[in-house]
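Could you build all of it, start to finish, from the sequences and the hints given here?
From first to last, the protein sequence lines stand for chains A and R. Here the numbering used here = 1-based position in the first sequence + 42. Here the numbering used here = 1-based position in the second sequence + 4.
Rather than coming from a laboratory, the hints here were simulated on the basis of the structure. All figures in this text were calculated on a predicted structure; none of them were measured in a lab. Treat the hints with care, since some could be wrong.
Have a look at the derived ranges for each label pair, beta carbon to beta carbon [claimed, not checked]: (1) Glu94(A) / Ser74(R): 23 to 31 Å; (2) Asn292(R) / Thr103(A): 58 to 66 Å; (3) Lys779(R) / Glu94(A): 36 to 44 Å; (4) Pro723(R) / Lys65(A): 12 to 20 Å; (5) Lys245(R) / Glu98(A): 24 to 32 Å; (6) Asn77(A) / Asn292(R): 37 to 45 Å.
Backbone N, C-alpha and C define an ideal beta-carbon position, used for all residues, glycine too.
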Amino acid sequence: MVISSLVIYCHSEFLDYVSEQIKTLPCVEIVGSHNSKFAVVIETETTEQSAELAEEIRLFTGVLSLELVTHFFEDEVQNS
Amino acid sequence: MENFSRRNFLKSTAASVAISSMIGCEQKKTAEPLKQAAGGSSDQLGLEWDKAVCRFCGTGCGVLVGRKDSKIVATKGDPDCYSNKGLNCIKGYFLSKILYGEDRLTKPLIRKNGKLEEATWEEALDLIASKYVEILKNDGSNAVAMFGSGQWTIFEGYAATKFMRSLGFVSKDGVGSNNIEPNARMCMASAVAAFMRTFQSDEPMGSYEDIEHADTFVLWGANMAEMHPVLFSRIVDTKIKDKIHVKLVDLGTQFTRTSEEADLYLQFKPQTDLAIANYFANYIVQNNLYDKDFIETNTVFKRGQTNIGYGLKDGGADIPKDAEAMFPMTFDEYKAFVSTYTLEYVSELSGVPKEKLEEAARLIADPKRKVVSFWTMGFNQHTRGTWVNQLVYNIHLLTGKISKPGNGPFSLTGQPSACGTAREVGTFSHRLPADMVVANEEHRKKTAEIWKIPVEKINPKPGLHTVEMFRAIDNGKIKLLWVQVTNPFQSMPNLNRYRKAAQEKDVFIVVSDVYPTRSTEVADVVLPSAMWTEKEGAYGNAERRTQHWNKIVEPPGEAKTEIWQMFEVAKRMKLDDGKTLADLIYNYNPETYYKEIWEEYRSFSLGIGKDLAPYDVLKEKHGVVWPYVHKTKEINTKVDFTEVWENVENPEGKKGDDFISVKWRYNAKYDPYAAKFLKDHPEHKGEIAFYKAKGNDYKAVVLAVPYEAAAEEPNNEFPFWLCTGRVLEHWHTGTMTMRVPELRRAVPRAVVNLNPEDAKTLGIKGGDLVKISSKRGSVVFPADVNGRSIPAKGSVFIPFFDETRMVNEITIDAYCPISKEPDYKKCAVKIEKV
Ligand code: SF4
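Right, dumping it as structure tokens:
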């Protein structure tokens with residue numbers, strides 16, 4: 043179980059579109075929005091899957107940029 | 005805690021911290037306790053949190069690190085670090101994984117019969133010390149060298165410079181060695197030289213907070229979206245808030261992810277940035293958009309020496325002696341000089357359409373706009389790197405858009421402590437701490453006094469800069485090289501020459517590193533090092549913020565810190581009186597040496613506008629910007645600021661504090677030194693004072709220098725420009741990021757990025773193997789035709805992270821004759837389908 047959260051910066055005209063797109067992704071939950079930004083939480087088995095989802099979001103039309111806030115990965119470390 | 009509720013708790017913590025970062029409520033003036041800052045989760049989750057700094061780029065983001073048992077299991081952007089306000093970029097996902105690569109070096113290795121074999125520390129250290137003594141006694145201090153980096157912690161860089169410059173106690177010539185360089189010579193030496201020539205003080209005057217105050221961002225060859233992502237997000241956030249008015253102007257030689265977000269993209273032919281900057285100055289002057297009062301009070305006009313060569317001959321034999329000279333000129337002469345950089349001429353030369361040039365000039369010159377210019381390697385790795393840095397200062401000086409919130413020229417750095425360790429500690433071959441230089445007698449005296457050694461021991465002659473240091477290995481003059489925290493045998497330009505020299509010449513090479521690299525491959529001794537949070541450290545980032553961290557986890561196996569390695573070698577260097585070199589230079593208490601080193605180093609900085617924070621403050625705070633000025637002479641050692649103290653703002657502290665952290669240097673509203681200067685010089689008008697520029701009557705230099713061609717340009721045989729750089733996933737030579745399986749899988753090998761039209765003409769498709777050749781050799785890469793970055797027609801781009809295909813085998817080792825920084829961005833190549 044890897045849990046991370048991110049802030050996503052969007053073009054204001056694309057907010058609805060981006061939010062719709064995010065909702066189609068498994069394991070990603072929008073937990074807040076403010077001033078053309080979304081806060082999301084991603085829960086996956088591995089960090090790699092989280093990073094891939096983050097990259098997928100970054101490539102959505104209307105996403106300007108995206109940054110990581112928290113990253114919990116204790117199961118990954120304990121299993122390694 | 006049950007798994008389910010633990011998971012829910014982690015999720016709710018992750019969510020609440022992200023929301024708080026998003027809405028910006030993390031921008032508190034005082035640091036929260038760590039547990040609280042980490043999301044209040046320390047007790048409930050059984051994690052222990054501590055603060056650290058990201059190990060990758062020069063943005064220097066603060067990171068909170070969560071440890072469980074003996075391992076790092078969580079990270080989080082530090083909300084109390086002003087540099088990143090709770091955010092990390094996507095590389096943050098992999099930050100702690102760099103510690104856990106399978107092939108970490110855990111034991112010293114010594115080359116025996118041509119092979120590296122495991123050895124004890126005792127053996128390795130004895131051997132290194134005996135080699136030092138032998139070579140110093142036989143050949144003198146010029147025969148040894150040290151090559152470190154902007155990834156050295158400040159403590160390590162300081163211990164290293166002290167070590168090298170004190171070798172006179174052992175060497176036959178009785179003076180120390182100045183052959184010490186950081187790899188920062190290859191990354192921001194041009195910014196250093198330009199700051200010193202213009203303001204007589206290194207490093208940017210502003211703060212990342214300029215991003216929130218500015219409305220016009222001018223990026224010169226800087227792909228911030230991928231290379232400085234957290235800062236780019238701050239720009240994006242500013243744009244989101246006022247998307248009509250805020251403008252992003254991107255000038256570059258290839259279309260990048262940054263260009264995608266720009267309001268105006270100017271693609272220029274390599275090297276013509278010199279002409280474009282002069283055109284902007286011309287526009288400002290011709291249209292009377294300069295700030296007359298500001299330039300009268302704060303600037304002096306000079307003409308630089310021209311035709312200054314390219315450092316292609318060993319020893320810089322093709323560089324005129326007076327390459328660095330600057331000669332006085334009047335404003336009218338300057339005006340006449342820039343008048344030749346007309347819109348027509350510059351458009352023709354640069355390939356940028358006239359309307360785009362004019363639109364950019366209009367934005368930059370508009371007196372109502374607040375302008376920040378950012379750049380990194382595109383300017384610095386340039387055979388006229390010092391000039392082009394200065395040409396951008398010209399624009400800010402002419403318009404008076406400098407040292408004010410939202411206004412300023414801002415050179416970014418690529419490495420986490422390029423500023424803290426390379427520049428502030430002064431680990432360049434000509435430098436001493438706090439901007440001092442070995443060639444200056446007063447500076448040597450001050451250094452000797454602090455180090456408590458005779459001044460005669462400090463060598464007054466600057467040592468060899470990086471390119472000449474490696475050439476001296478090839479020429480048989482350097483017999484011992486100690487490489488720490490960097491990988492020059494992958495990153496040097498014209499690499500074939502220097503790899504061959506390392507393998508064939510009589511040179512003893514020691515490499516301290518964390519993983520096997522192309523440099524450990526040519527070493528005689530390899531020392532396994534502790535990295536990042538496996539040791540106590542401090543870095544200094546591009547906004548002059550010093551950030552300290554504690555040791556959080558144990559290093560693996562027998563890995564040790566570089567400081568310990570240097571202490572141990574110095575202990576083994578016996579002097580005639582029975583003492584050791586360590587007794588003289590590292591006479592610190594084993595329990596408290598980090599604090600002692602810091603306070604000793606800090607004493608260089610006090611009272612001169614370079615003031616660093618005390619150790620205890622650094623330990624407590626989440627990064628402190630220098631100058632960190634104390635009100636009274638008793639503490640800052642030189643100046644009493646009491647009479648101006650109340651007038652100076654303290655944005656990262658409270659009114660009434662005894663210390664002020666200066667966010668905008670030279671501005672009397674924020675900088676006690678400037679306020680005091682204005683009080684003492686009532687004839688000096690306005691709020692800005694370049695108080696460090698004593699040699700120019702406290703004025704900054706506006707420099708007239710022309711466009712001059714690159715050292716090597718495309719021709720019939722080699723018709724393409726080659727530019728090198730980084731990719732998002734990998735950092736520098738990939739030593740750390742290639743150990744992260746996810747990053748290795750994402751981008752396993754370097755490719756050559758081609759312009760689609762060029763590819764079509766040459767019949768090359770994506771994935772085809774192509775041979776890229778220059779005068780210096782050939783390397784084969786798969787082609788990428790529609791990659792993330794699209795080079796201009798006639799240009800190719802290749803990253804340098806891949807140790808299996810090293811682009812530096814074909815780059816040129818020409819350098820800026822003033823900063824001595826090599827140009828990795830321009831040489832001529834041909835392309836053949838294999
Ligand atoms: S922007 Fe640079 S310093 Fe900040 S998290 Fe990313 S790589 Fe690290």
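Against the structure, the hints come out as follows:
1. Glu94(A) / Ser74(R): 23 to 31 Å: holds, 29 Å
2. Asn292(R) / Thr103(A): 58 to 66 Å: violated, 43 Å
3. Lys779(R) / Glu94(A): 36 to 44 Å: With Cβ atoms ~42 Å apart, the hint holds.
4. Pro723(R) / Lys65(A): 12 to 20 Å: violated, 50 Å
5. Lys245(R) / Glu98(A): 24 to 32 Å: Distance hint for Lys245(R), Glu98(A) holds at roughly 27 Å.
6. Asn77(A) / Asn292(R): 37 to 45 Å: holds, 39 Å
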